[in-house]
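2 protein chains.
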Amino acid sequence: MDELRLIPVRGVPEIQPGEDVARLLAPLLTQLARPGDVLVVTHKVLSKAEGRLVDLTDVQPSALARSHAQAWGKDPRQVEVVLRESGSILRMEGPVIVARTRHGLVCANAGVDRSNVPGESVCLLPDDPDASASRLYQALETALGFAMPVVISDSFGRPWRLGIVNVAIGLAGMAPFTDYRGRTDPHGYKLEASLMATADAIAAAAELVMGKTDRVPAALVRGLELSGSPGCAAELIRPGEQDLFR
Amino acid sequence: MDELRLIPVRGVPEIQPGEDVARLLAPLLTQLARPGDVLVVTHKVLSKAEGRLVDLTDVQPSALARSHAQAWGKDPRQVEVVLRESGSILRMEGPVIVARTRHGLVCANAGVDRSNVPGESVCLLPDDPDASASRLYQALETALGFAMPVVISDSFGRPWRLGIVNVAIGLAGMAPFTDYRGRTDPHGYKLEASLMATADAIAAAAELVMGKTDRVPAALVRGLELSGSPGCAAELIRPGEQDLFR
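Listed in order, the protein sequences are those of chains A and B. Sequential numbering of the first sequence, starting at 53, is according to the numbering used here. Sequential numbering of the second sequence, starting at 53, is according to the numbering used here.
Excised from the complex, chain A in its bound form (with noise of 0.2 Å):
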């Protein structure tokens, strides 16, 4: 494996509802990508195009909410949203509420978040992030001419570490994993269980070259050499029977 570049897509501009996000980013990649990059784009401007918005002042919270806002300082209605978001709650003891999503993903507030949304909104998760992403694939290589994988990332936090890191909410045109197994390393011992969720180490790379305040929502990975059959980011949700902290 050469050295691997990370770009910054710069000059994407705020993305309204209705927006043809393809049709928005490929002026862009034409410039900037090459056959073998990974697109990945921060969920945001997904959720963003599909109209993935809710006017908080539209909101009724429920007691739940009520309860749950006025214990930690929160807004109800963005605790109501939640609420409606989750398919299931792990924990609401604190002022995070660890939530599985309808998608079956695990993160903090059930993936509702307000920053980088204009006035009294909150902004979701795509309904489904494998779609989008898979959309936006077949988009892009009908604009650029030569498929780019995309990565539609957004920022989780952990159960037994602090901060945030991104990880691969949606994926298409390329496997999620890099499977070690059966290989063996140089001393022939059997790689077991080396399983590398390949699009979350992507999603966490480029969020080095994106930021949370920067207006870059976009960025390129040059030099992977990917390897399996293509697959989506639901396969890197780990199934209810090997979960162990349910």
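In case anyone wonders, no lab produced these hints; they're calculated from the structure. In this text the structure is predicted, and so the values were computed from the model without any measurement. Where is the CB? At the ideal position from N, CA and C, for every residue including glycine. Mixed in with the good hints there might be a few duds.
[To be verified] The calculated lysine to any residue pairs, modelled on SDA-like cross-linking and capped at a C-alpha distance of 25 Å, are:
#1 B:Lys126 / A:Gln294
#2 B:Lys126 / B:Glu145
#3 A:Lys126 / B:Lys126
#4 B:Lys126 / B:Leu214
#5 A:Lys126 / B:Gln294
#6 B:Lys126 / B:Ser140
#7 B:Lys126 / A:Leu247
#8 A:Lys126 / B:Pro291
#9 B:Lys126 / B:Arg143
#10 B:Lys126 / A:Val268
#11 A:Lys126 / B:Phe297
#12 A:Lys126 / B:Asp295
#13 A:Lys126 / B:Glu293
[Said to hold, decoys possible] Each pair of labels, with its calculated beta carbon distance range:
#14 B:Asp231 / A:Asp54: 26 to 36 Å
#15 A:Arg143 / B:Leu278: 52 to 62 Å
#16 B:Glu55 / A:Pro65: 19 to 29 Å
#17 B:Gly125 / A:Ser173: 48 to 58 Å
#18 B:Pro79 / A:Arg86: 30 to 40 Å
#19 B:Ala183 / A:Gly63: 39 to 49 Å
#20 A:Glu145 / B:Gln122: 30 to 40 Å
#21 B:Arg298 / A:Arg267: 36 to 46 Å
Place chain B on chain A using the hints.
Here is chain B on its own, set in the frame of chain A:
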């Protein structure tokens, strides 16, 4: 932020116990590294040099180790080593023991690893990864004539996601986080609880150019704009009182 480069450090020979890692890396880094680079090294380089290897033929497994090994088809001597390296056990109802190491790191099998180790030995985590990082940082500064932050990485599983990503278990010369708190986004909305675990993102990124089978145990990350006061990887560990999942 301009683009980042992830550069593999090739030509690192197999590490023997007692090896001076800085002396081993310095000739390679003199060629390759520049001021501003961050060095990422897989923990095994430090662990092997520090003699953190256990010959399984010397290990007498306990009853608990034998019981777990029998249930899951494991080597009872290796299970015994896992138990010895654990401060506490979170889960051992399945083949993987999820333990909190003596350092406070929550990971599979207390970081005990048989791959990339000759014969019937296993490799442990460094006794004090932050101290290992500091020693390497200081020795390389002397050897190279400039200071280069050091990240010591290891591969961790995640409770709700499949596959592994790398995190920083040792750190010197840089802040573990990039703190977006107190900043505002382009809409003027305050970014709360946006603490990017930059050292973990760097570790994850570096793994994309390192590889479990390639004998590339180190990489340089070039182009980062680091901020904040230097700290250590122990700061990335969530304190017990904030741990919702112990």
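Q) For which of the previously enumerated hints does the structure constitute a violation, in increasing order of number? A) 3, 10, 15
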